[in-house]
Amino acid sequence: MSAGTFTPSPGAAPLARQVRAQALMETRLMLRNGEQLLVAIVIPVMALVGGVIAGRRGGIELDGRAVDVLTPGVLALAVMSTAFTSLAIATGFERRYGLIKRLGASPLPRHGLLLGKLGAILVVHVVQGVVLVPVALALGWRPGGGAVGVLAALLAVLVGAAAFSSLGLLMAGTLRAEATLAAANLVYLLLLVGGAVVLPRASYGAAGEVLAVLPSAALGDAMRAALIDGRVAVVPLLILVAWAVAGAAAVSRSFRWE
Amino acid sequence: MRYGDLVAVDHLDLRVEAGTITAVLGPNGAGKTTTLETCEGYRRPQGGTVRVLGLDPVRDRRALLPRIGVMLQAGGAWSGVRAEEMLRHVAALHADPLPVGLLVERLGLAECGRTPFRRLSGGQQQRLGLATALVGRPELLFVDEPTAGMDPAIRRTTWELLEELRADGVTTVLTTHYLEEAERLADHVHVIDRGRLIASGTPYELTRAGGATTVRLVVTKPFPPHAPASLQTALGPATEVTTINAQSLLITGPADASTLAKVSAWCEQHGVLPEALTLGQRTLEDVFLQLTGRVLTEPTPSGTAG
Numbered sequence: 001m002s003a004g005t006f007t008p009s010p011g012a013a014p015l016a017r018q019v020r021a022q023a024l025m026e027t028r029l030m031l032r033n034g035e036q037l038l039v040a041i042v043i044p045v046m047a048l049v050g051g052v053i054a055g056r057r058g059g060i061e062l063d064g065r066a067v068d069v070l071t072p073g074v075l076a077l078a079v080m081s082t083a084f085t086s087l088a089i090a091t092g093f094e095r096r097y098g099l100i101k102r103l104g105a106s107p108l109p110r111h112g113l114l115l116g117k118l119g120a121i122l123v124v125h126v127v128q129g130v131v132l133v134p135v136a137l138a139l140g141w142r143p144g145g146g147a148v149g150v151l152a153a154l155l156a157v158l159v160g161a162a163a164f165s166s167l168g169l170l171m172a173g174t175l176r177a178e179a180t181l182a183a184a185n186l187v188y189l190l191l192l193v194g195g196a197v198v199l200p201r202a203s204y205g206a207a208g209e210v211l212a213v214l215p216s217a218a219l220g221d222a223m224r225a226a227l228i229d230g231r232v233a234v235v236p237l238l239i240l241v242a243w244a245v246a247g248a249a250a251v252s253r254s255f256r257w258e
Numbered sequence: 001m002r003y004g005d006l007v008a009v010d011h012l013d014l015r016v017e018a019g020t021i022t023a024v025l026g027p028n029g030a031g032k033t034t035t036l037e038t039c040e041g042y043r044r045p046q047g048g049t050v051r052v053l054g055l056d057p058v059r060d061r062r063a064l065l066p067r068i069g070v071m072l073q074a075g076g077a078w079s080g081v082r083a084e085e086m087l088r089h090v091a092a093l094h095a096d097p098l099p100v101g102l103l104v105e106r107l108g109l110a111e112c113g114r115t116p117f118r119r120l121s122g123g124q125q126q127r128l129g130l131a132t133a134l135v136g137r138p139e140l141l142f143v144d145e146p147t148a149g150m151d152p153a154i155r156r157t158t159w160e161l162l163e164e165l166r167a168d169g170v171t172t173v174l175t176t177h178y179l180e181e182a183e184r185l186a187d188h189v190h191v192i193d194r195g196r197l198i199a200s201g202t203p204y205e206l207t208r209a210g211g212a213t214t215v216r217l218v219v220t221k222p223f224p225p226h227a228p229a230s231l232q233t234a235l236g237p238a239t240e241v242t243t244i245n246a247q248s249l250l251i252t253g254p255a256d257a258s259t260l261a262k263v264s265a266w267c268e269q270h271g272v273l274p275e276a277l278t279l280g281q282r283t284l285e286d287v288f289l290q291l292t293g294r295v296l297t298e299p300t301p302s303g304t305a306g
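Just so you know, the protein sequences line up as chains P and L, in that order. Mapping of the first sequence onto full-length UniProt numbering: position 225 corresponds to residue 225, and the numbering continues sequentially without gaps. Mapping of the second sequence onto full-length UniProt numbering: position 112 corresponds to residue 112, and the numbering continues sequentially without gaps.
To be clear, the hints were calculated from the coordinates, so they are not data collected in a lab. Beta carbons are placed, not taken as given, at the ideal position from N, Cα and C, and that holds for glycine. Incorrect hints may have been included.
[To be verified] What follows is a set of in silico ranges between Cβ atoms, one per label pair, in the way DEER data are often shown:
#, chain 1, residue 1, chain 2, residue 2, range
1, L, A63, P, D63, 15 to 23 Å
2, L, R62, P, V131, 37 to 45 Å
3, P, T7, L, A257, 23 to 31 Å
[Said to hold, decoys possible] Some chain P residues close to chain L (C-beta under 8 Å, calculated; not the full set):
#, residue
4, S9
5, Q18
6, R32
7, F93
8, R176
The whole structure should be built from the sequences, with the hints applied where relevant.
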């Protein structure tokens, strides 16, 4: 058959190229969306600036300088914003608009889609860090823990992103888009206020012990251990791993394409 | 390699020949979309065998997907994505995609500009859906209600495109409830109703089998009771009388002077006043009516799940 315009020549692109395309596309869409930017960047910046001002005026009691205690928690909050809330809402509407179903018929395999999403989350984390770290430094942040602390924090970000993204996908894959939108924001607010993510567990009195099992508290604890004491906090990391594994198992059972 | 595909939905066997356009025709809810989604591997059949390009759509999904192009009935994009951006993305998932600019031009997607997907018109979303189904240069194309929501001029452009694809060796399976679409495009039509195959053949075979001509009778007030039966008796076994609705009938058989005379006599005898008496060739619409006793319902503008 002579070659016409549409003569078949089917085939999948190499997986790495597909994942890269997917990650870049999702990043672009996330950064273009005003609500997503609000959750990813504006709210963490406000939490940091507001917390530091409140600390200076004696509004909150912290064990150390407010900016040093709060910055690791705000970075943890930023992970939660993107990996949980943004991902859940975006994925909920992807299901609603048939995008997940459409990609399900494309050469992109399911693990390629997940890698793409993880890639997009990590790129947004970098953008968040680029904004939040200079703001914290301008407010007088002096990170403790040195290079070990930075590496421990990066490890906590990775494990935390895995835990929160599996929970975000669990929500997006089972609820309707509107319900996901409401629930993802509500859970985010509850964890922001009562989840020991920005404020250390010590600030919650007796409840602090119980809060330790929450993924928000675990990520906050791990970030504070890393960036205040330069320590790898094993127990919080294991708690995050447990959430990630449980969430992923539930997602693989319950996620619906449509 | 075998191109023939065997598709089963509730005891129904469909086979699709390579390099042809096959239409799955039926009313809303007939099982058209289910049939397509079973071929695409979205649904696991409870019984029977499905082979697409010789592969099992569920078990061999990863091998099959790069070779097929899928157009969903609706949606299939990010709500905030721009048309060309979406098309570029799907192109990037394939090894040897068509030039994006070519499809943008052929399907008139440039007019979508920077508008996000959720604000595109139904017809624009359909055209983007077709473009994303084509961009990977598939061997086999599944299109679900491809022209629902398109205006007539764009529908004709889309038909020309599908004919060009066939000329270039692409096999197309489409669902439709537009009879005109099936008659114009399809090499082979499978008429399905309530999940069962009720007729199968080329448009010519289907419309010319048995009586080729029709007489359509429309009257001013509803027919008397037992009207079709008494008219059938009056006309004899060479014709077939089917009720369209309370005030119209379809008579299939020789549309000659003798038939017309009998119809007139019957009208006089039963005191009904004809409003219109039309002679014509049998259409797929008539075939569906004869087979099911029902008319193919008019499509809703947005198209509904089939």
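Comparing the hints with the structure gives:
1. Taking the beta carbon of each, A63(L) and D63(P) are about 59 Å apart, not inside 15 to 23 Å as hinted.
2. Taking the beta carbon of each, R62(L) and V131(P) are about 40 Å apart, inside 37 to 45 Å as hinted.
3. Taking 23 to 31 Å as the suggested C-beta distance range, the pair T7(P) and A257(L) does not conform, at roughly 54 Å.
4. Proximity of S9(P) to chain L holds as hinted, the smallest CB-CB distance being about 4 Å (cut-off 8 Å).
5. The interface hint given for Q18(P) holds, since its Cβ lies 5 Å from the closest Cβ of chain L, which is under the 8 Å cut-off.
6. A cut of 8 Å between beta carbons decides the hint on R32(P): the least distance to chain L is about 6 Å, and the hint holds.
7. Given the 8 Å rule on beta carbons, the hint for F93(P) holds: about 5 Å separates it from the nearest Cβ of chain L.
8. Interface hint at R176(P): violated, since its Cβ lies 14 Å from the closest Cβ of chain L, which is beyond the 8 Å cut-off.
Violated hints, in rising order: 1, 3 and 8; the structure is consistent with all others.
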